[in-house]
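Okay, here's what each chain looks like letter by letter:
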Amino acid sequence: MGSGMIARRDHRVRVIARRDLSPTCFALELLTAEPLEAVPGQFGMLTCGEGLDPLLRRAFSLAAVRRHGGGTIVEMLLKEVGRGSGALRRLAEGATLQLIAPLGNGFTLATPGTPPVALVAGGIGLPPLLFAAERMAAGGAPFDLYLGATTAAELLLVDRCRAAAGDRLVLATDDGSAGEHGTVVAALERRLDAGTAYARLLACGPDPMLRAAARLARRRGLDAELSLEEPMACGVGVCLGCVVELADGHFVPSCKEGPVFRAADLAARWSE
Amino acid sequence: MSVDLATRVGSLALANPVMAASGTFGYGLDLVEFCPPERLGAVVSKGLSPRPRIGNPPPRIVETAAGMINAIGLQNIGVEAFCRDALPELCRRGATVAVNVFGERIEEYVEVIGRCEAAGGVAAYELNVSCPNVVAGGMEFGHDPVQLERLTALCREATKRPLWVKLSPNAPDLVGTGRAAVAGGADALTLINTLRAMAIDADRRRPVLATKCGGLSGPAIKPIALRMVWEVHRALPDVPLVGIGGIETGRDVAEFLLAGASAVQVGTAIFRDPAAPLRIIGELEAFCAGHGVAAVTELIGGLQ
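Heads up: the sequence lines are chains A and B, in that order. According to our numbering, the first sequence is numbered sequentially starting from 43. According to our numbering, the second sequence is numbered sequentially starting from -18.
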């Protein structure tokens, strides 16, 4: 998997844009004063405001980073699920926050001339895969992008996904209101049945989707990399709260050894 | 005005009263780019056992109102790896290192101290007798004054360096356990460890944590920690205390010193901001300057 050799630091960031993407999801654009580089799959720890409640930062995958003047615009896609994400959704533009980034490892991307990879995104699992898609599209690397959600209204940033993936974008919704009817992993399986070949799957989304992707990969003898979301207190390797169980029985912190894991390295419950 | 931030915990001199608490700062070198360990009063290592421990299954943490509950289960690399991989560099950097010691049996506590004594460079030992998240050891010593005195006495025989005992707020008799630790030879008491606590997911009708219960930390527990430091200081006024519990600001440090602590530890605040101890030192200095306090030691036990 991609290594994060770029130094992490605590950036003061300004919220320069905030917009709703769906009934539950929204995007934040954060401007750093210093350059920030990252690879797709890496994440940042973002404060939710000044007060002591909510107390902890929240971990969010980076959806895009682009240079802007002497700094960097960091794009994050968030789902409002609780107090922290709720506070972030109600922030005024111009508010300042703190962001420790980049953290963790990244996906193993395709390069030009290598076999394509399948990017599989479920719901708010899109950010690291959008980052991967846009970076691979810019570099001429081959990939297909599978984007799934519960309903058409919850499919995020479809135009951006199409701009990156072109006709290699496959949409799926649980209720059939857009794209193929059913899960995004089922849509992927139909392509595999039809003879499409991939070097590996890169996936991010809710746990049931990731387990389905891992099972599919195992049945087809495909390598899979999963971006996991674990409850995280510090994000920088000291709290040991975010551990993931590996196949060898050890618990490793997702913030340091992940958040991207090879499915084959994870405890059996991920692919059974 | 310039403020003298130096303090002492018993015989141990500290450049300032702010330490990083065990379990929140790794092995002292994990956050160097945010918080160089040599700039703190001391760093307290993650609880070390004779051999590595894999810890509890996840989920291990949950955020609660102005706090969090953890059940890490003392996952650690073991004393051998600490002495080999972290301690020499901490000493080279000039950090003051306290080792948090954990065992399931008394002999294991003694073994950890013995290994560190052989390595050299440790400034103090802090006995962890108050972890609420392990099945054996820890809290069972911290809740029983007879066992605690015996454990402390045997550890006392293993080292001449300062020996601190970290008290459990869950013990039925806090002052009694503190007295037992001192009777066993403790030089100072650290208080408080986390409060045994629980979070429930009503949607799933299950405890949030895999271990069901864990330890509560963060600003939510600060008033309890202050009360306990104050009570122990009143009962044992000659015993140096290290205050810990929900410290987020320099003003919080001043409150703990006034209650009777000679120094403090910052823990959960580091999870939110890995540079928090440095910010807190600066705020404490400003607090003292703003209140005409020339030496931070003037605050210790100064509650009126």
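One or more hints might be untrue.
Stated by the list, open to error - Calculated cross-link-like contacts (lysine to any residue; reagent style SDA-like; alpha-carbon spacing at most 20 Å):
1. K298/A with C72/B
2. K193/B with E287/A
3. K141/B with C72/B
4. K298/A with E314/A
5. K298/A with K141/B
6. K141/B with A100/B
7. K298/A with K193/B
8. K141/B with V163/B
9. K193/B with C72/B
10. K193/B with R208/B
11. K298/A with E14/B
12. K298/A with P38/B
13. K193/B with G279/A
Said to hold, decoys possible - Facing chain A, from chain B, some residues (calculated, C-beta under 10 Å):
14. L12
15. A100
16. E121
17. H124
To be verified - Just the calculated beta-carbon pair ranges, DEER-fashion:
18. G291/A with G166/B: 34 to 42 Å
19. R51/A with E138/B: 40 to 48 Å
20. A99/B with R261/A: 37 to 45 Å
21. P153/B with H110/A: 53 to 61 Å
22. G218/A with D66/B: 32 to 40 Å
Because the hints were derived from the structure by calculation, they are not lab data. Virtual Cβ for every residue (Gly too), placed ideally from N, Cα, C.
These are the hints, each one checked on the structure:
A C-alpha spacing of about 25 Å is found between K298/A and C72/B, which places the hinted pair above 20 Å, so the restraint is violated. Distance restraint check for K193/B and E287/A: the Cα-Cα separation of roughly 18 Å lies within the 20 Å cut-off, and the hinted pair is therefore satisfied. Pair hint K141/B plus C72/B holds up; C-alpha atoms about 19 Å apart against a cutoff of 20 Å. A distance of roughly 25 Å separates the Cα atoms of K298/A and E314/A; the hinted pair therefore is violated under the 20 Å criterion.
Straight-line distance between C-alpha atoms of K298/A and K141/B comes to about 38 Å, which puts the hinted pair past the 20 Å bound. Distance check on the hinted pair: K141/B and A100/B sit about 14 Å apart at the alpha-carbon level, within 20 Å; holds. Taking the CA atoms of K298/A and K193/B, the gap is about 26 Å. The hint is violated against a cut of 20 Å. As the CA atoms of K141/B and V163/B are separated by approximately 15 Å, the hinted pair is consistent with the 20 Å bound.
For a cut-off of 20 Å, the pair hint linking K193/B to C72/B is broken: about 39 Å separates their Cα positions. Pair hint K193/B plus R208/B does not hold up; C-alpha atoms about 27 Å apart against a cutoff of 20 Å. Between K298/A and E14/B the CA atoms are separated by roughly 16 Å; this keeps the pair inside 20 Å, and the hint holds. Distance hint between K298/A and P38/B is fulfilled; the C-alpha atoms sit about 17 Å from each other, no more than 20 Å.
Using a Cα cut-off of 20 Å, the hinted pair K193/B and G279/A is violated, with the two alpha carbons roughly 23 Å apart. Contact between L12/B and chain A, as hinted, is supported at the beta carbon level, the nearest pair being about 6 Å apart and thus within 10 Å. At a threshold of 10 Å, the smallest CB-CB gap from A100/B to chain A is about 22 Å, leaving the interface hint violated. For E121/B, the shortest C-beta to C-beta distance to chain A is roughly 22 Å, which exceeds 10 Å, and the interface hint is violated.
Interface restraint check for H124/B: the shortest CB-CB distance to chain A comes to about 25 Å, outside 10 Å, so the restraint is violated. Distance hint check for G291/A and G166/B: the Cβ-Cβ separation is about 39 Å, which falls inside the suggested range of 34 to 42 Å. At about 46 Å, the beta-carbon gap between R51/A and E138/B stays in the expected band of 40 to 48 Å. Taking 37 to 45 Å as the suggested C-beta distance range, the pair A99/B and R261/A does not conform, at roughly 53 Å.
Checked against the hint of 53 to 61 Å, the pair P153/B and H110/A passes, with Cβ atoms roughly 59 Å apart. Range check, G218/A to D66/B: about 55 Å between beta-carbon atoms, so the 32 to 40 Å window is missed.
Checked against the numbered hints given earlier, this structure breaks hints 1, 4, 5, 7, 9, 10, 13, 15, 16, 17, 20, 22; the rest are met.
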